[in-house]
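Engineer: Chain residues, written in single-letter form:
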Amino acid sequence: MRYEEFLRQSAQRHGDRAAIVHEEGRATYAEFDAAADRFAAALVHHADFANGDRCVLFLDNRFETAVGIFGTLRAGGIFSVINPTTKADKLAYVLNNCEAKVLVTQASLLAAARAAAAQAPSVQRIVVVGGTADADTMDYAGFVGTAPALPASRSPGIDIDLAMLVYTSGSTGQPKGVMMTHQNMVHAATSITTYLRNTGDDIVLSVLPLAFDYGLYQLLMCVKMGSTLLLGKSFAFPQKILPMLASERVTGFPLVPTMAALIVQLKNFDPAWAASVRYLTNTAAALPPAHIAKLQEMFPQARVYSMYGMTESKRCTYLPPEQLAVRPTSVGIAIPGTEVWVADDAGKPVAANVVGELVVRGGHVMQGYWRNDEATARVLKQGRYPWERVLHTGDLFRMDEEGYLYFVGRKDDILKSRGEKVSPKEIENVLYALPGIREAAIVGVPDPILGMSLKAILVLAEGAQLTPRDVMGHCAAHLEDFMVPRAVEFRDALPKTNTGKIRRAALQAEAEGRAFDAEES
Amino acid sequence: MESIEARVRTFVRENFPVSSSDVPSDQSLLESGIIDSIGVLTLVTWIEQEFDIVVADEDVVPENLDSIERIVRFIERKAAGGQ
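Heads up: the sequence lines are chains C and V, in that order. Residue 519 in numbering that gives the first Met the number 0 sits at position 520 of the first sequence; the count goes up by one each step and never skips. Residue 44 in numbering that gives the first Met the number 0 sits at position 45 of the second sequence; the count goes up by one each step and never skips.
The reader is advised that the hints may include incorrect statements.
Derived pair list, reagent style DSS-like, types lysine-lysine, alpha-carbon separation capped at 25 Å [said to hold, decoys possible]:
hint: 1; chain 1: V; residue 1: Lys77; chain 2: C; residue 2: Lys266
hint: 2; chain 1: V; residue 1: Lys77; chain 2: C; residue 2: Lys239
hint: 3; chain 1: C; residue 1: Lys424; chain 2: C; residue 2: Lys495
hint: 4; chain 1: C; residue 1: Lys500; chain 2: C; residue 2: Lys86
hint: 5; chain 1: C; residue 1: Lys500; chain 2: C; residue 2: Lys415
hint: 6; chain 1: C; residue 1: Lys410; chain 2: C; residue 2: Lys347
Which residues of chain V face chain C? A partial, calculated answer using Cβ under 10 Å [claimed, not checked]:
hint: 7; residue: Asn14
hint: 8; residue: Phe15
hint: 9; residue: Leu29
hint: 10; residue: Asp35
hint: 11; residue: Ile74
hint: 12; residue: Ala78
Note that these hints are calculated values from the structure, not bench results. Beta carbons are placed, not taken as given, at the ideal position from N, Cα and C, and that holds for glycine.
My request is simple: use the sequences and hints to build the entire structure.
Structural biologist: This is the structure we're talking about:
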């Protein structure tokens, strides 16, 4: 089944139910369904959209983003949601990489969108939510308001078609587009809604960006179940968000560790806020056991799920909530309908408590990285059957005697800050573009709120005069917010290997206050 | 002594590198991408230390903190012992 069919089904079953509650209002399933139809018709009418074409949604968490997702699928296309803090250069890279035909953005992001589109010849239309029609753009209302409906005979395709590209940080510094078919998404959403025991009566409050697959799946799963999604833009002011748990009778509340850290330190937490919440989820990085205990105390009715995943297979494991007290640091077992194992270098399972790479098999595993066969070959390897490929996650795990998994670390340099994957290389590349920087290394400093707080360790060129603010300002102009270092340290020299390569691993060990084993690098 | 507004502006400029020095007083710091959830926390900690006032959880709302103007008014009110 193609994913957009769930929207039609939910609209037919309960058209009057609230589908999306957002800052500007509420949309029922009937309204959401009709809006997606209009968006699909507009893509075809105004951009000559054909099955397999790409539409990039450079938008924050708003109703139009949800409409753009389902409208693109209904037009037979492939969507990609891009984080609104993405800068023009990286957006241009994405637009060129996926050869986007349509770019949808909003007035506050138009400058970056225009600059990016100017470098991307494939883009035929720029549509601006809350904008005004211009020589080179269309305003959203005009775009969706003026197209004739699509004929019922037009087929958007079948379920093995590519549905979305989710761009993720690569260790080489360039983002990679994770390819997911409709089948992949249906498989992942079915598995997750099974263990979360979701029903159409759920009301989910999400402030996670739709550009982040964890945020995106909140929408996808609600539409599949016919439940209600409250879509917030940010958790910057918890006092504005948390009372909605009570006023909207929220049942599901997905978190990342940064949000949990903000919640557990509140002194004025009102138990009434937690009363209707039946489950909390956490992924992106492990929650400290102290935060788990505190959350359980604050949300006494809620089952707390610790989960682990990566964009390449959406979600890999979850810890059944009843195991949380027994093994609080475990990320659990394979999600329903999938298999995982800890493997040696040959891909074979290792014994209990031996550290190895986590390997994942199932219908949720991506098809590869868009137009990047080399990177794809590094992570998707031959599986049991001739047609099957399994995902080598690059994450090191161990499994206890009873089959529960524990995250140990990354095989590469990737850091996690604020729950987002950060490539030190990507930031270092940006740093080297700033005149005056001779050597640069990015490390993660353990931080109770951020997980890892990013720090730049720099050696300046002779005579160069740079302040930490100059460095952070330069990064902020070229990188998404979560990649901007929060501290800068200047040194005379950085440790190096015999071949002259900077020993980032040694600096990372120093930042974590652990001894560095030179064999590591 | 510098005015409260000048101190707030200096703090915002030095801690949130996205900002330019001429942020309009009434511009939303959140919507313009100058601060995020961690930024709000940093701001609250600074206000407490710099002005020796206690910021309660329920004070951490956009009405008090989401523009230079609002931050200044909030600090003035708190420093005067008001609620």
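Engineer: Now look at each hint and say whether the structure bears it out.
Structural biologist: Against the structure, the hints come out as follows:
Of the supplied pair hints, the one linking V/Lys77 and C/Lys266 holds, its CA atoms being roughly 19 Å apart against a limit of 25 Å. Taken as a hint, the V/Lys77 and C/Lys239 pair is honoured in the structure, with Cα atoms around 21 Å apart against an allowance of 25 Å. Taking the CA atoms of C/Lys424 and C/Lys495, the gap is about 16 Å. The hint holds against a cut of 25 Å. Distance restraint check for C/Lys500 and C/Lys86: the Cα-Cα separation of roughly 29 Å exceeds the 25 Å cut-off, and the hinted pair is therefore not satisfied.
Note on C/Lys500 and C/Lys415: the hinted pairing holds, with a Cα-Cα distance of about 23 Å set against a maximum of 25 Å. Proposed proximity of C/Lys410 and C/Lys347 is supported: the alpha carbons are some 17 Å apart, at most 25 Å. The beta carbon of V/Asn14 is positioned within 10 Å of a beta carbon in chain C (closest approach about 9 Å), and the interface hint is therefore held. For V/Phe15, the shortest C-beta to C-beta distance to chain C is roughly 8 Å, which falls under 10 Å, so the interface hint holds.
Interface hint status for V/Leu29: upheld, as the beta-carbon distance to the closest one in chain C is roughly 5 Å, under 10 Å. The beta carbon of V/Asp35 is positioned within 10 Å of a beta carbon in chain C (closest approach about 6 Å), and the interface hint is therefore held. Interface restraint check for V/Ile74: the shortest CB-CB distance to chain C comes to about 17 Å, outside 10 Å, so the restraint is violated. The beta carbon of V/Ala78 comes no nearer than 21 Å to any beta carbon in chain C, farther than 10 Å, and the hint placing it at the interface is violated.
Violated hints, in rising order: 4, 11, 12; the structure is consistent with all others.
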